[in-house]
Amino acid sequence: MRKRKCRDDRGDRIMDSISRNLDLPTDTVSGYAHMEISGNREVILEGCKGVLEYSDCVIAMNTGRLTVRLCGCDMTIISMQGSQAIIKGTITSIEFCN
Amino acid sequence: MLFLNFVRFLLGYVSFTARGGFPERFINLCRLNKIILWDLKNSEAVISACTDCASYKKIRSAARKSGMRVRVRKKHGLPFFLERHKRRIGVVAGALFCAAVILILSTRIWSIDVIGNLSVPPEKILGTFEELGVKKGVSASRIDIKSTEFAALQRLNELSWLNINISGSKAVIEVREAVESPEIDGDNVPADIVAARDGIITIIRPFNGTAEQEIGNAVVKGDLLISGIEENGDLTVSFCKAKGYVVARTSRSMKYIQPEKFIAAKPISSKKRFILNFLSFEIPLGKIKTENSYSEKSEIIINGVTLPAGIIRCVETVYEEKEITLSAERRKMLSFLRFTDMCAEEFRYLEVENAEISVNESGEFSGAFTCLENIGKEHPMQLEEAEHEETADP
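Chains A and B supply the protein sequences, listed in that same order. Using the working numbering, the letters of the first sequence correspond one by one to residues 8 to 105. Using the working numbering, the letters of the second sequence correspond one by one to residues 976 to 1369.
The hints are simulated quantities; they were obtained by calculation from the structure and are not laboratory data. A hint or two may mislead.
As the list claims (entries may be wrong) - With a cut-off of at most 16 Å between alpha-carbon atoms, the simulated EDC-like pairs for lysine to aspartate or glutamate come out as follows:
id : chain 1 : residue 1 : chain 2 : residue 2
1  : A       : K56       : B       : E999
2  : A       : K95       : B       : D1014
3  : B       : K1236     : B       : E1339
Unchecked claim - A few chain A positions that, by computed beta-carbon distances, are all more than 10 Å from chain B:
id : residue
4  : P32
5  : Y39
6  : R48
7  : E49
8  : G54
9  : E102
10 : C104
Stated by the list, open to error - Among the chain B residues that face chain A by a calculated CB cut under 7 Å, a handful are:
id : residue
11 : I1011
12 : W1013
13 : L1015
14 : N1017
Heads up, the beta-carbon is just placed ideally off N, CA and C, and yes, glycines get one too.
Generate coordinates for the entire structure from the input sequences, incorporating the hints supplied.
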């Protein structure tokens, strides 16, 4: 198990180094989700793989390598199409969990 | 977003609620089944969302797998609207009729404006064009602009140029007025200048011809003042048109008395009537009499465009002929007013040197005036051409 984690960490480091040296966006090379935040009102999340938690105050999205947890009030998924989700509401915090 | 909403409206969409079960699983299953959801809200374990018509049919399996009960809240969009109103034939017929009316009426002319005219009245120009077929209600495509312009220019001699611009249902007639050529005085007709009134000459200025009078001479009406016969250096004479002015001191008198009784038309009642004017139709609101009435036409103008709708206001006045008897005071006052009007009219182009005005007991105003005025009047000469007889030798 520890061996596998070490292998993942090494892979991440290599991909980070490639993207940094070639000036490529990190999300395209290393498979992270792309996130655009407009103030504390709207979040556009690309690379979303599913909804883990959904309520009026919390929306947790699975993005593969990370889980993005948006907390706030009046949280609404304005659109969910393919791997893109647009979330609106009054966002108070964003958490990233492995 | 506006365009997206419009497309959604055209295609139709369903807003629904889903309750019970696992909302997250339901959303994930929808995403996997390529069911597009929007406006997804979760309040008190009830999900409300919108989806398109085709996706809603597929949503049942996702709901069943996630243990949720789905219920349609409202159907939106054009397909549902048409479905709801398909039995209402009248609405459809009305919409079609309205579209047809707009389509037909938009091809016709409903507003005609005239611009560029200063002295020629627009009614005259519009009347000429009406005779040529350019009037309210005619089809714009049937007007032969070139030939109409040419024919109108032939009929309206006061205009030097005109142009018809048709834009939609509006026709604008643009005109330029002609400048009148000055009248050329025919100098070839010999004429004298004779006295038009009796008087004593104070100024005589002959421009053409020979002066026959001197300053201080007393002349009577018809006396020759400037002759049209000129003597040349070789003692021959030539005939010309005499020109010049002769100022003389003349006497004039004037009097006026207002009659004590006279008959005048007095308005006793006035009624207003209205006529609705729509397109080329006139709808009278009540009984309209054309005698003793005048009308005012009011049109609706929006942004400078005259609309084919308006109202005509007719005022009918009934007059009664009545004999009026004036008091002495009023009679005197009216006499004075009329006398001053007459004086203003008579002495408009004269210089009055002296005036003696008197009024008698009956209210009659009389005046004796000494004036300075041009008394010269053109009088053509009576000439006879001598016959040249040619005699043939036997």
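Going through the hints against the structure:
no. : hint              : result
1   : K56/A / E999/B    : 12 Å, holds
2   : K95/A / D1014/B   : 10 Å, holds
3   : K1236/B / E1339/B : 15 Å, holds
4   : P32               : 24 Å, holds
5   : Y39               : 20 Å, holds
6   : R48               : 15 Å, holds
7   : E49               : 12 Å, holds
8   : G54               : 13 Å, holds
9   : E102              : 17 Å, holds
10  : C104              : 16 Å, holds
11  : I1011             : 5 Å, holds
12  : W1013             : 5 Å, holds
13  : L1015             : 4 Å, holds
14  : N1017             : 5 Å, holds
Figure legend: structure checked against the earlier numbered hints; every hint is met.
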